[in-house]
Amino acid sequence: MVLTHTTNHTYNHPFPTVTLAFFLRYCSPQLNPFASHVLSTDTISTHVDPATGRLHTTRLHLKKSRMPPAVMKLLPTSITGGAADKASYILETSVVDIREGWLSTESRNLNFVGVLSVVERQLYSAPTSNSDVGKTDVETKVVFRSRLGERIRDRLGGQHAAHQPAQQENGWFARLGARPIQRSIESIASTKTLDQLGNSREGMRILLETLRQNGIIGVLELRKRARERGMEMA
Amino acid sequence: MSQSLDKQCNEVKERYDTCFLKWYSEKYLRGTGTVDNNECSALFKEYNQCLQKALKERGIDKLLEDAREDNKENDAAFLGKKK
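If you're matching them up, the sequences are chains A and B in order. Following UniProt numbering, the numbering of the first sequence begins with 1 at its first residue and continues without gaps. Following UniProt numbering, the numbering of the second sequence begins with 1 at its first residue and continues without gaps.
Honestly, I wouldn't trust all of these hints.
[Said to hold, decoys possible] If we take Cβ atoms under 10 angstroms as the criterion, some of the chain A residues that face chain B in the derived model are:
{"#": "1", "residue": "F23"}
{"#": "2", "residue": "S28"}
{"#": "3", "residue": "D42"}
{"#": "4", "residue": "S45"}
{"#": "5", "residue": "H61"}
{"#": "6", "residue": "Y89"}
[To be verified] The list that follows gives simulated cross-link-like pairs (lysine-lysine, DSSO-like), each with its CA atoms no further than 30 angstroms apart:
{"#": "7", "chain 1": "B", "residue 1": "K53", "chain 2": "B", "residue 2": "K7"}
{"#": "8", "chain 1": "A", "residue 1": "K63", "chain 2": "B", "residue 2": "K22"}
{"#": "9", "chain 1": "B", "residue 1": "K7", "chain 2": "A", "residue 2": "K224"}
{"#": "10", "chain 1": "B", "residue 1": "K56", "chain 2": "A", "residue 2": "K64"}
{"#": "11", "chain 1": "B", "residue 1": "K45", "chain 2": "A", "residue 2": "K224"}
{"#": "12", "chain 1": "B", "residue 1": "K22", "chain 2": "B", "residue 2": "K45"}
{"#": "13", "chain 1": "A", "residue 1": "K64", "chain 2": "B", "residue 2": "K53"}
[Claimed, not checked] Cβ-Cβ distance ranges computed for the label pairs, FRET-style:
{"#": "14", "chain 1": "B", "residue 1": "K22", "chain 2": "A", "residue 2": "T52", "range": "21 to 29 angstroms"}
{"#": "15", "chain 1": "B", "residue 1": "D61", "chain 2": "A", "residue 2": "Q196", "range": "21 to 29 angstroms"}
{"#": "16", "chain 1": "B", "residue 1": "K53", "chain 2": "A", "residue 2": "Q30", "range": "27 to 35 angstroms"}
{"#": "17", "chain 1": "A", "residue 1": "A51", "chain 2": "B", "residue 2": "E65", "range": "26 to 34 angstroms"}
{"#": "18", "chain 1": "B", "residue 1": "D61", "chain 2": "A", "residue 2": "N12", "range": "38 to 46 angstroms"}
{"#": "19", "chain 1": "B", "residue 1": "E26", "chain 2": "A", "residue 2": "R121", "range": "24 to 32 angstroms"}
{"#": "20", "chain 1": "A", "residue 1": "R183", "chain 2": "B", "residue 2": "D66", "range": "22 to 30 angstroms"}
Treat the hints as calculated values from the structure; they're not laboratory data. Just so we're clear, the structure is a prediction, and the values are computed from it rather than from any experiment. In this text, a Cβ means the ideal position worked out from N, Cα and C, and glycines have one as well.
Chain A with its partners taken away, still in its complex shape:
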């Protein structure tokens, strides 16, 4: 039970700037108005591989719930815990190779995975022909997979005595059948995500435009000022 979407896009900005925008994209709603749903961003690990010169980074983002309300309605609260208003943890891993000119990223949700797993992979690449200098291509592939019920069944199979909540959930699946629901969850989520892909692209575009007008130092300065304003308000 898997649904996949692939899209391609070209930014009219040079590759190094696009990679910088990738790292900056959640830094401030002043720089990216489409990042207001991002509650926090942290770097978990980062290193440059001395053999390849590639920069490996792992970040954790906390975003306001991306689980669509229509999906929540399909599920009993015994599974969601009434979690519709909770936030999602997103794990993002990225590798930049500045010499070869590519940035590869993967983002996946860490919670709700029993209901729906969304894995987004992006490959940004510098142009190979001279006529495209100053442009950057990006291919985005999103894989939706609902394994609703599978884990519970696994757990029931593996445990001698099933405890009460698991039994209830099992009864619910037995009545409704999990497969059509898995399929609905995947399709509702994919429609919503494709809308959001447009937003995230627009956010990148605004950030890239700011970088073009102000330069990197200018953007770092704007970021600093936004932070100071934030501190005053807090």
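Model the placement of chain B on the given structure of chain A, informed by the hints.
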């Protein structure tokens, strides 16, 4: 502005982020920082200590482990199908 998961880590995260962005734009992108990114490593260590505590308190360290396990499962299923 981007906050840390735990408010207590905000200040050191901000210092690390600023260091990283400076290193990235001034050195890495110019091809001169590909061997050492040590200049921010002391800040990262301090930031990471704070963050690891926050991850543990929220049970996210477990989620990270699960994600790794899931990847293994998926890889196994994928390789199994290929045969």
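To see whether the hints hold, each was checked on the structure:
no. : hint                                 : in the structure
1   : F23                                  : holds, 7 angstroms
2   : S28                                  : holds, 4 angstroms
3   : D42                                  : holds, 5 angstroms
4   : S45                                  : holds, 8 angstroms
5   : H61                                  : holds, 9 angstroms
6   : Y89                                  : holds, 6 angstroms
7   : B:K53 <-> B:K7                       : holds, 12 angstroms
8   : A:K63 <-> B:K22                      : holds, 26 angstroms
9   : B:K7 <-> A:K224                      : holds, 18 angstroms
10  : B:K56 <-> A:K64                      : holds, 21 angstroms
11  : B:K45 <-> A:K224                     : holds, 22 angstroms
12  : B:K22 <-> B:K45                      : holds, 18 angstroms
13  : A:K64 <-> B:K53                      : holds, 22 angstroms
14  : B:K22 <-> A:T52: 21 to 29 angstroms  : holds, 23 angstroms
15  : B:D61 <-> A:Q196: 21 to 29 angstroms : holds, 28 angstroms
16  : B:K53 <-> A:Q30: 27 to 35 angstroms  : holds, 30 angstroms
17  : A:A51 <-> B:E65: 26 to 34 angstroms  : holds, 28 angstroms
18  : B:D61 <-> A:N12: 38 to 46 angstroms  : holds, 41 angstroms
19  : B:E26 <-> A:R121: 24 to 32 angstroms : holds, 29 angstroms
20  : A:R183 <-> B:D66: 22 to 30 angstroms : holds, 24 angstroms
Consistency with the previously given hints is maintained throughout, with no hint failing.
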